[in-house]
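Engineer: Sequence:
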Amino acid sequence: MLRLAAIVALAYSASALSVVTPENDDQFPLFTIDYDTKPRDRFKEVSTHYRDNIVEVFNVAMDEIPNFVSDFFKLVHGIWWVLHHEKYEELLGIVDAVNHPNVTISNVVMVNCLYELEGWCTSIIAKQTNGTILHSRNLDFHIQQMRDNTYRARFTKGGNYLYDAVMFAGNVGVYTGMKEGAFSISQNTRAPNKHYVGVIENLIMLFTGFREQSWIIRDSLESCGDWDCAYDKLRNEPFNALGYIILAGVKDDEGVVISRKRFGPAHEDFLNTTNGTWYVVQANHDHWADGCKDRCAAASESLDNLGQDALDINTLRESVLEVPPVLNKKTIYNTQFIPSLDFKNSIPLDYNETAQPLEGKWSDYKDDIPDLKIGEIFEGITYEQFFLDMMMVLMDPKVAQ
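FYI, in mature numbering (1 follows the signal peptide of the UniProt record, and there is no 0) the residues of the sequence shown are -16 to -1, 1 to 385.
Calculated from the structure, these hints are not laboratory results. No false leads were slipped in.
Taking lysine-lysine pairs in the DSS-like style, the calculated list, with each CA pair at most 25 Å apart, reads:
no., residue 1, residue 2
1, Lys217, Lys235
2, Lys245, Lys277
3, Lys217, Lys141
4, Lys22, Lys141
5, Lys345, Lys277
6, Lys313, Lys277
7, Lys28, Lys58
8, Lys313, Lys345
9, Lys245, Lys217
10, Lys28, Lys141
With these hints in hand, go ahead and build the complete structure from the sequences.
Structural biologist: Okay, structure coming up:
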C-alpha cells in the first residue's frame, strides 16, 4: 500500500511539474554574444542577420525625431567613446555591419538613448502554492516593426554561460533577461520620463557619465550570482532616468518591483506570501500614489479571478498576459521566466481587436498607452529653446526626482 501511494504521489508530482514547465516554444532566433570577442564584433552577426529590419526601424525613428535632436547627437556622441567606451564600440560594430546612411554612429547612439522614453510594458511576478516563483512580461512599443527585430541572446565568457536576454537588433541594452538558477529582470518605463525637461535631464545624465537602466541591467546579469546582489545593484546604482525594475528570484519571497528615481528607490513592492501578497504587478504608473489602474488593474483582476491554486506558467500567460487590455495593439512580445527551473520562453504577440475585443468592465477602456512619439515630446520646441534649456539644466541639475 505504501509503495502504491509513493507511485501515485510521484505520478502526481511529475504531472504537476509538466504544467509548471511546458515544452519550450520559443519563436525568436537565438544568437550567442561572446564577451571574449572585441566589443566591436559582438553584435555584428545579429546586425548582419537583421540588417534590413534595422534600417526599417531606424527610418521610422528618424522620421519622428526633430532635426535639432539629431544635430545635438552629432555634436556630442563622441563623448560616449570616453564615458561609455565599451558600449560605444559595440554600437560602432552595428554601424559597420548595417552600412546604411541612416544608421550612423550618432543616430545609433541617439536611438539607443531614446528607446527608454517610449517603451510601455506590463510585468508580473507571482508565486505558486508550491513556492515556485514565476515572472512574465509583455513589452509594448508603438514601432510595430520591432517585432521583426526581436531575438534571443545567450551571453557567454570564457566558454561559460553568463545569462539570457530578449533583445532588439540595433540596440545593445537589455530590458528583459535571466540568469539561470539565480534571478530574472524586466524593466518598465516610468511615466514621468515623458516630460520635455525630464528628457533633457536624462540626456545630461548620460553625457556626464551616468548609465542607462538597460546597461545596469546587463551589468547585473553579468556580474551578480544571486538575487541579493542584483537587488542591491538595481536598487542603489544611479540611473540616468526614471523606471521600474521588476526582479524575480528562486526562493522564499524573492520578488520585488523597484520604482526608481535617479538616485535610489522611490517605492518598493515585495512578494509577501505570509501577508497574502502572492503576486506583484507593474505597468507604467506610480500605483502606490493613485491606485492600480488600467493595465495594472486588469492584470490584478485576472490574477484574482485565476487564484493562486490555479497559477502556473501556462495560465499566467493565457489567463492574464494574453487578455486585453493587458494585451493591446502595441504589444510586441511576451516573455516568461522561471529562474529556479532555468526556464525561459518568448513569443511574438500581435493583438487582433476584432478577434479578441474588450469585454465586460473593460469594454469602454481607453488605451492608457498614448500614441506618443519621440517628436511629440519636443513639439513646439525650437533649436534655441532646446539648447537654452540644456544650459539651464546643466547649471541647476535638479535631477534626483
